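Student: Each chain is listed here by its residues.
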Amino acid sequence: MEPLLTQDVRKPNGYTLDFYVEHDGYAGLRRALGMAPDQIIEMVKASGLRGRGGAGFPTGTKWQFVDKKSPNPRYIACNADESEPGTFKDHVLMERNPHLLIEGCAIACYAIGAKVAYIYIRGEFLHVQQVLEAQIAEAYKAGYLGKNILGSGFDCDVWIHRGAGAYEAGEETALLESLEGKRAQPRNKPPFPAVVGLYNCPTAVNNVETLCNVPLIVKNGAEWFAALGPEKNGGPKLYCISGQVKRPGVYEASMHVTLRELIEGERYAGGAREGRTLKAIIPGGSSVPVLLPEQLDVPASFDAVQKAGSLLGSAGIIVCDDTTCMVWLAENLLHFYRHESCGKCTPCREGTDWLHKILHRIERGEGQMRDLDLLASISAQIGGKTLCAFGDAAITPVQTTLKHFRHEYEAHIREGRCTLVADWRARQPIGAH
Amino acid sequence: MSFHPKMAYDATFHKSSRTLADPGPPFTFTPERRARLDEVLTRYPPDRKRSAVLPALYLAQQQHGYITGNAMRHIAEILEITPADVEDVVSYYTMFYTKPVGRFVLNVCRTLSCALNGAERVTEELCAKLHIKPGETDTSGTFTLVEVECLGACDRAPVVMVNDAWHECVSPESVGHMLDSLRTRGESALTGCHLAVEKR
Amino acid sequence: MIEVVDTVTLTLDGRQITVEKGKTVLQAALEHGVSLPYYCYHPGIGIDGSCRVCIVKIEKMPKLQTSCSTVCTDGMVVDTQSPDVHAARAGVFEFLLINHPLDCPVCDKGGECPLQDFSYTFGPDNSRMEFPRRVFDGEGVKADVDFGPTLMLNRNRCIMCTRCVRFMGLVDGDAQIGVINRGNGSEIGTFNDEGVHSLMSGNLVDVCPVGAITTRDYRFKSRPWDNPSVTDTICTQCSKGCNTTAWLKAKPEWAKGSSLIRFTPRFNADVNQYWMCDIGRFNYRWVEGDDRLRAPLVRDAQGTQQRASWADLMPKLRDRLAQAGQSSPDGVKFLVSAHASNEELFLFRRLTEELLGPSGPSTITVSWRVTPKQQPPRTTFKVPAVDAPNVNGARAFGLVTGAVGDPQGPSNVGALQAAVAAGSVTALFVFDPGPDGTLGDSQWLLDARAAGQLPLLIVQGVLMTSLAKAADFVLPGASFVEKDASYTNDQGWLQATSRALATPGDAREDWQILVDLASGLGVQLGYTSAATVRGDIAARMGGAVGLVGIEGLAFASTMSARTWLQASNPSERWKWDFMYQDLPPVKGAVEPSSLPPPPGLIPLKEVK
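Top line first, the protein sequences correspond to chains Y, D and R.
Counting from 255, one number per residue, gives the positions in the first sequence under the numbering used here.
Counting from -10, one number per residue, gives the positions in the second sequence under the numbering used here.
Counting from 7, one number per residue, gives the positions in the third sequence under the numbering used here.
Be careful, since some hints might not be right.
[As the list claims (entries may be wrong)] Taking lysine-lysine and the BS3-like style, the derived pairs with C-alpha atoms no more than 25 Å apart in a straight line are:
hint, chain 1, residue 1, chain 2, residue 2
1, Y, 611, D, 122
2, Y, 395, Y, 473
3, D, 38, Y, 401
4, R, 475, R, 322
5, Y, 299, Y, 473
6, Y, 561, R, 66
7, R, 148, D, 88
8, Y, 443, R, 66
9, R, 63, Y, 443
Read the hints as simulated data drawn from the structure, not as lab findings.
No experiment lies behind these values; they were computed from the predicted model shown.
Please construct the entire structure, taking both the sequences and the accompanying hints into account.
Tutor: Right, dumping it as structure tokens:
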């Protein structure tokens, strides 16, 4: 499949309004404004577009749930708080193809009857924000945003709201809290944001990549879009491949592509580095279960990856080669989750810290065999008991490494050190150079 | 200020608790920044001024280098919330500083993809070169070293965010050069974003 | 008219129950006697869903759900007892306790602590935590700190339920408390450690489900089991009339009796919800203070006040009063504080009517103090400016202009002041049963007295105020916790205080003093108890607004604190009064019929 979202990202002027308009840009918006909002929602539903942020929820259905009877204004909140470890696709789109997102926001607003879209961009993306802000200003100037867009009588504003360093702000309700000027902590669901969202108004929260797909659907039709991928997994998909591979990066493909192709294919990441072999793959950002190299021959679609025992999530594929100690990996990720836990609900606040302490102890070689049962038990105590999905995400590294690599934990405890000869720290001892 | 003029209370037991935000000098936004904040406020519904707390804090940090107690008070006044609300937000987000930081804040990503590519070694090297531990500022006040979680540039790992700009594909060996050129050339020494790296 | 209430029917632990539509599973369970733990939920400050201990299993839902945030729907099947719910709950309790210091023996909350109680009931029997607990004490930094003028905060004990944060935002209206930092390092704090400065600060102790927030007033003074008895009463320090509970601490064995140790609020949907202000909560020391009047005083020929017995005092008082009355029938005036109960106001009215005929009550001036309270504009609990409980009662008896329920302004003592200044008042009888100063400005009286314009001053009251010091006769009466009496609050609700303590020394209940005084003056009122006074009020003016039902008022007797200490926490009292009325509480069983009826005629309303 030829890239659709990222075809122009490497051209020097690919991000400008002129370039975008020359290449059929804003045709989707023009077409959308000629349609009824409900028609657009139907179209997006028919296209099978699923949220690209991680959960894979059908976008059309989400928009349909937006409470149309509410007397309050409606909002689009674009989730550009791309903070899942191993995920780096959205900032490419925002920086290199900003008008696609702007067009997507405008169409989404039109579809659900909103007048304002807030793009919640993570604080660390200042350089992306600057590009995006300049291009939004261009779009206003050219009449693609603002009052009476393209003479249709439809008004739409797109504002950027800069986050300030919180992984949890990527959770949709926490994002809304943060937009309201509070600490980014999740809310109880129900009510869902579609009914009670930003400022207690109906709100649709969509990922950047999701919104970028919307203009393609409106321009080319739902059938065309659905036909790009396997059933219910239509459209182009961006895959972020990082870790110990030859060519880490963002790759666009249809969801027919298999994980193995993505990781080992010559067009894509090119496989493990010279002399190394694959050991474990996290296919959807750090919050999903680990897959083993023999499990990779499945299409990288939401459904197929789930069937294989993991989740596509945000398609942030992290590849670990045989030098990676899995105890260290779990410890590293739990450090992340412990640091990013918002502290609102008990199991996550207390549990992630406890898990990290135990993992740290094992990693240092001071663990005991009963710690392994304790890890499993604490994980089970967190899983499914937390306010948002963070708790489930945080225990996944522990649970899956324990499941597939229990022998490494045991070796750590038995030997009191890491037994992997190829561990990178063994290769590069401190002060070696 | 007590609401209970008639009531006697025991003597104060302990006055110090957590490390408090530095109150700093009296704080008001410069006219330009205030105008900028007023412009930002128009983006949100008039009764939702609180939404602008993050932009306001960024402006305050720009103005003073870090966020002081007085700045929090000032922002609270403008946004019609309590200073406690502002401190609540400041303390939650990692990108706000409540103490003075160096001219360059080196945020080294330590999460998995960067760690798989040697971020720990980068931190060790930076520590050794600057003679500081993560979280500290070197004696010259030029560099503050912070270990942060995923910055979202995993394909160019390890990544160091210097103030608000990225420096990618760092290696322990290149750290010294990065520090030197930061000292001499400032932020223009950084590799910058995506495209710059690809061009290389 | 019967109110039609939408209901839903669900199955709870195999039992079909019907509850009002919109109730949450937690509320439904509590109402039906199923005990569930909860921390972040408090009926007065809403649902947070963060503590996660109230999780239950609901059929057709993939995960366990927090019952506090799940609204009941028809046909829902809820299970609170299945093994997975038990395990999950125990798991959350283990998390709650891994950092909570087990300093219960020195914690003020110990014994009435929901964390303690629920952990015993629902938690695991041991902890697998092997790492040191998180403590906030550090170099130059304490975990246990000042939290404003009334409170102390121990952050080590905090379980981050954020009830206090939400209380300040939603009820007090000034969000002074925030959460500092995040994740495992989160702590409760005020900006710049300024502490909580609020008229509502005491409620934070009630909402705190652990011993993290304690009052300086009660801190280290008593343990729950040292407070053997409690009396449900109302607060009389302003016109709101908050429903409260007076707690008595047993004195050491070598001393007799007991003393007031604290006041806590009781839920009343119409008056004070779950709250009370700090004035009512903390301003009680005067009741048993050194300034308390314990014996009658008579000024002797040398001008010093001498202790006297009631038997000695009464004839002298009668003679002086009669003398003044005879010399100038219009010269005897009464200045009555609006702290007087309905019974006392009625007695004054009766007395003057009997002595002076129908115009008699015009010699009575009712006075009170007005102090506007400094409160945030957005507060949902407004403390009235009028510092007296019974202005509406005085209105009901025609002693103050205006109708019951009208807004209350400052009192009008101008006419009396003018009469005193003109020297036409030969005797003034002051009745002041409230705390010092609540009578309103009395400097003009003292000045007149010093100038010799007031030949006879009689003070019936509770404290040695400057007015009492200037009086010829001082009659020691009863404070609001020492008598069964009724008051009509600013909304017109008739409520009752109950006798929690005996009057000190020779002091007597005020109705008794007034009846004795009347009989000394030759008026036989014929009352033998406060109840007979109320009966006569009902007989003579039973239909008057603000007095309806006065004869049937129920007064709480002092009861064993154990009776409802079982409710864990004073702040949970609403649960036992309004939900578990006929059900045994968590710890041990209480025979429901042994519980006294709640005082007052305020109809019970269910907690929404």
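Student: With a cut-off of 25 Å on the C-alpha distance, tell me whether residue 63 of chain R and residue 443 of chain Y pass.
Tutor: The hint holds at about 16 Å.
Student: Under the criterion that the straight-line Cα-Cα distance not exceed 25 Å, is the pair residue 395 of chain Y, residue 473 of chain Y satisfied?
Tutor: holds (23 Å)
Student: Going straight from one Cα to the other, do residue 611 of chain Y and residue 122 of chain D come out at no more than 25 Å?
Tutor: holds (21 Å)
Student: Sort out whether residue 473 of chain Y lies within 25 Å of residue 299 of chain Y, counting only the CA atoms.
Tutor: holds (15 Å)
Student: Holds or violated: residue 148 of chain R and residue 88 of chain D, Cα atoms, limit 25 Å.
Tutor: Distance ~21 Å between residue 148 of chain R and residue 88 of chain D Cα, so the pair holds.
Student: Between residue 475 of chain R and residue 322 of chain R, does the CA-CA distance stay at or below 25 Å?
Tutor: Given pair residue 475 of chain R, residue 322 of chain R holds - Cα atoms ~18 Å apart, limit 25 Å.
Student: For the pair we were handed, residue 561 of chain Y and residue 66 of chain R, check the Cα-Cα distance against 25 Å.
Tutor: This hinted pair holds, its Cα atoms lying about 23 Å apart.
Student: Can the restraint linking residue 443 of chain Y and residue 66 of chain R be considered satisfied, given a maximum Cα separation of 25 Å?
Tutor: Roughly 16 Å separates the two Cα atoms, so the pair holds.
Student: Can you confirm whether the C-alpha distance between residue 38 of chain D and residue 401 of chain Y stays at or below 25 Å?
Tutor: holds (23 Å)
Of the numbered hints listed earlier, not one is contradicted by the structure.
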